[in-house]
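Q: Here is what each chain is made of, one letter per residue.
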Amino acid sequence: MRHSPGILVLVLVIGFLEFAVDAGMIRRALLPPPSATAEVLWELLSTGEFLPPLLSTLKLVFAGFFLGSAIGVALGTAMGISPAMFRLFEPLVELIRPIPKSALVPPLMLFLGIDDAMKITSVTLVVTFPVLLNTLQGVRGVDRVMLDAARTHGWGLGHTLRHMILPAALPFILAGMRVSLGLAMVLAVLSEMLAGQGGLGFLILDMQRSFQLRQMYAWLVILAVLGLLLNSIFLLAERRALFWQRR
Amino acid sequence: MAFLGLDALGKFYPQPGGAAPARIMQGISLEVPEGEFLAVLGPSGCGKSTLLQMVAGLATPSEGEARINGRAVAGPPPEAVYLFQQYNRSLLPWRNCRDNVAFATEHRLGRKPARAAADEHLASVGLAGFGDHYPWQLSGGMQQRVAIARALAAEPALLLMDEPFSAVDALTRIQLQSLILDIWARRRLTVMLVTHDVEEAIFLADRIAVLTPRPSTIGEVIEVGLPRPRDAIATREAPRFLELRHHLLNRLLARDAA
Amino acid sequence: MTQATRRAALMGLGASTLATPALNAQALTKMRVSVIPVLDVAPLHAAIAQGYFAAEGIEIDTSTTAGGATGLPGLIAGQFRAVFSNGVSTMLGVREGQEFKFISGASRATQGPPDILAVLVRKDSGIRSGKDLEGKRIASNTRNNIVWLRGMAWVEKTGGDWRKVNTVEIPFPQMADALIGGRVDAVISSEPFVAAALETGQIERIGWPMSETQPGCTNAHYVGMGPDLARNGEIFDRWARALHKGVDWVNERLGQPALLELISNFSRVPMERMRNVALPAYAKNVTAAEIDELVGTMQRYGLTGRYPASVSLIHKTAQ
Amino acid sequence: MRPSSGLWLVLALMALWEVSARLHWVDSPNWPPLSTVVVALFHDIASGELPPLIGGTLWRMGAGLAAGSIAGVVVGLAFCLAPVTRLLLGPAVELLRPIPVPAIIPPLVLFLGLDDPMKITVVALTAFFPVLTNTMQGVAAVEAEAVQMGRTFGVGPLRRAAFIVLPATAPYALAGVRVALGLSLVVAVVAEMIAGEAGIGHYLVMMQFAGRAPEMYATIILLAVLGYALNRGFVAMERRAIHWWFALGRQADG
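Residue numbers (our numbering), protein chains in the order written: chain A, 64 to 310; chain B, 44 to 301; chain C, 165 to 483; chain D, 32 to 285.
Just so you know, the hints here were simulated from the structure itself, not pulled from any lab data.
Each hint should be verified, as a subset may be incorrect.
Claimed, not checked - The list that follows gives simulated cross-link-like pairs (lysine-lysine, DSBU-like), each with its CA atoms no further than 30 Å apart:
(1) C:K287 <-> C:K300
(2) C:K328 <-> C:K287
(3) C:K300 <-> C:K321
(4) A:K122 <-> C:K194
(5) A:K122 <-> C:K287
(6) C:K194 <-> C:K480
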């Protein structure tokens, strides 16, 4: 594989950490030996104990991601093709956009409670804006010549949208969605840390609070692999969707 | 001994899965004496640019070698400068015209002398007073003049040109061709030009090497034999010009059909 | 505010340095202490404000952490010399091999109501006891901490099975909203959030999880690191002397405006609310018995494991 | 700019907030009327309490953003120009990338404590990845002709990297920094909420613990305004720094 030297480096680093902890160069209180973490990890994986928290986090990420992407694309397209819609929503978008979404969690808790509704909403919020802005940019960037061509062919708005504007804006939309996927994970983990009773975010924080560092690192590894997987899947899907864009 | 020598140059790319390597060209041999204007003419896709890049040290030949002044080309040789087809990609958009021209020499001369010389070179291509303009503020033809000025700034003995005028309009192309001939005569440069434009090759060159389609090799070398200085209109109407044009087009189109 | 009082204390010390240059040749010992902006840390702020630390040659630098268990990792990492921490978090660390030692008491439950923890429900809910909470949702700020532990003890004391009560985590400030909005059926809250919740008029208090289950039980302490204590015992002697003077200062002013003002100043809780807030019992020492009781309770409610003998965890400054 | 329909929408929503709190449509100590929030905001700015906190937050954000961005550009250039570095370190970077920042804070606290080093590192880590991704995208988009041009004039590899690749990559890297800017502010505040006596995050925690809802919302408004202003300022800076890019009519976000 292309990455084999890098994986070797990774193995070397882990091996060094193992040695360093063993030799007392790093305090066990800060970092348990990687082998001990691996043991816990194996136990979590082999007993299937990892699955419910993973699914709980995944549910938040997916629900928020798809909801937020849908809202972002819809609103972004509307603002891109209709100046009236743009004028209506632009100030609101500009005002809400820079607010740290994590700071919105308390009011969200007030209106939506502490369960999935609140968590999915905060993930949705954070996903919406990058998708919206990129969609807007993509839709506005559609070549005038193409739009004129559509007009001369007598295409209606729906047809033009489906077969011209959205495909042309797709690279931008997908780029926005890729950014949002990472943010969705952040917010899902954060909202799990702030309230409720499950998910990877909660477990990582809970293990840290109770000084069960091997468990904490094991869950962290699970989270990292989940992120890596989601990102790779998305990249793969993006490449297929944009087959015509390959150089 | 010839100033520029090509010795059985060949290029092929290995194919995946143990298939026979894809041959782009093979057995290209040529001798170019100092001060000659040589045109390499060929249909598109025959590897003209690759050939030029091997001479410029930007690509490595798979077999054979190119020699300049008797030394085999390993990296970009100091005697040669390469003029790109896409001037808008080789000019640096964050530098104004003066600094773009200065880029050719500032690493050797230092920033100040390089900039001072740059203004002169801009003037010599008819762009006096445009030093503070950015390339993207100029027309295509003017941008290519900036690229030419930059090439001249390096004071090359050998100018390698890769379809340098294919991206500008027809009238501008004629003007730039005259400019190049003028510079060539004044500076006693050796020039190697690759082009698919038959008239351009005849109008500019002393000799024309015609490439065959893939795997390319040299099909024939023709002495142009038109008197110099050449005139943008009269030369194009000379019987010898038309005769060559007929011959070359016949050859290229017939091969295209085959 | 703390900044200002600290500076004032320093200036006072500066003046005394000028007066007796030979005596105070060495610089102040700087100590960073992790605190939470809650009522329990009043003695520390009192000792800073009254200049007790400065008089012992110590400059205290407080660092506020949002949760009780965040300070302890900072202690391990060498960021703090002393950390205000709830007993459960400390003992969980001890269980995992951390070299935490109690260097001073901080707060205990009072002998009877009112105390600083409360079980709150909606007025119209009809819930009166732990029995009523079975199958319902109760909120704690964190699971597996002292608030949760005492809450579970209360559930059991009032006839409920703690295993049948679902605990969810909600930050203290959001508890009243969650209760009124019907997201949870009960919350285990702490002062001053209890007073704030009661101000809404829609919430009532049905229990005192600490003083009703174990009057005078242990709550929070100051914790240091074993190796640091072994090397720098003398500094901690001075530190504890000053802190304990602060405890005396606070205990002498229980129920007086001066204390409420002090707390309002460092915690930013509005003065009007402070008048309705219940205070803990401020402690100087830590007893093996109270830690044994805590460990026993922890074992009972699922925080099982091997804990070292309580006596070995109590530094001499807390005895 | 002239008032648009959108401004009216914003004003209407603000009015709805005010009325819903005043008339107790939303009845909660955590839903104060907008006017009291604005009063609290101006009070704490005028009293001199907020300005130094804002300064501290901006400093931490700036330091982390600068460190993370520089690292992102350097690593991005190294990965592209010296592929062996990517071969060696690529997998480690890829494994770190998807870990959400909040999850990385607990172990970081163990190693770096709770002070500025930890906070700035968290911000830097956040800023690193968008800048890295964009830088690599930018290097990939550098015209091959421009680099070859440098070679034909005998310009050495380091000089080519500094004078051709780096400027050509700048628009992409800066677009990455712009994304990182917004994230940095959020993360700086989140990190301040964990521990310490400094910054807007600390103020937010204090006000949460004190049950002072107007001050809490004032912080949110403050952050919105700060984020907006920072973004505006950055865009203005960007327009000057890479004016040629905008003159070419390109956009780097795609």
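Q: Now tell me, hint by hint, if it's right for this structure.
A: Each hint tested on the structure:
Simply put, K287 (chain C) and K300 (chain C) have alpha-carbon atoms about 16 Å apart, close enough for the 30 Å limit, and the pair holds. Proximity of K328 (chain C) to K287 (chain C) is assessed by CA-CA distance (about 23 Å); at most 30 Å being required, the pair is judged to hold. Proposed proximity of K300 (chain C) and K321 (chain C) is supported: the alpha carbons are some 17 Å apart, at most 30 Å. Under the criterion of a C-alpha separation no larger than 30 Å, the hint pairing K122 (chain A) with K194 (chain C) is inconsistent with the structure, at around 48 Å.
As the CA atoms of K122 (chain A) and K287 (chain C) are separated by approximately 35 Å, the hinted pair breaks the 30 Å bound. Between K194 (chain C) and K480 (chain C) the CA atoms are separated by roughly 21 Å; this keeps the pair inside 30 Å, and the hint holds.
Of the hints listed earlier, those the structure fails to meet are numbers 4, 5, in rising order.
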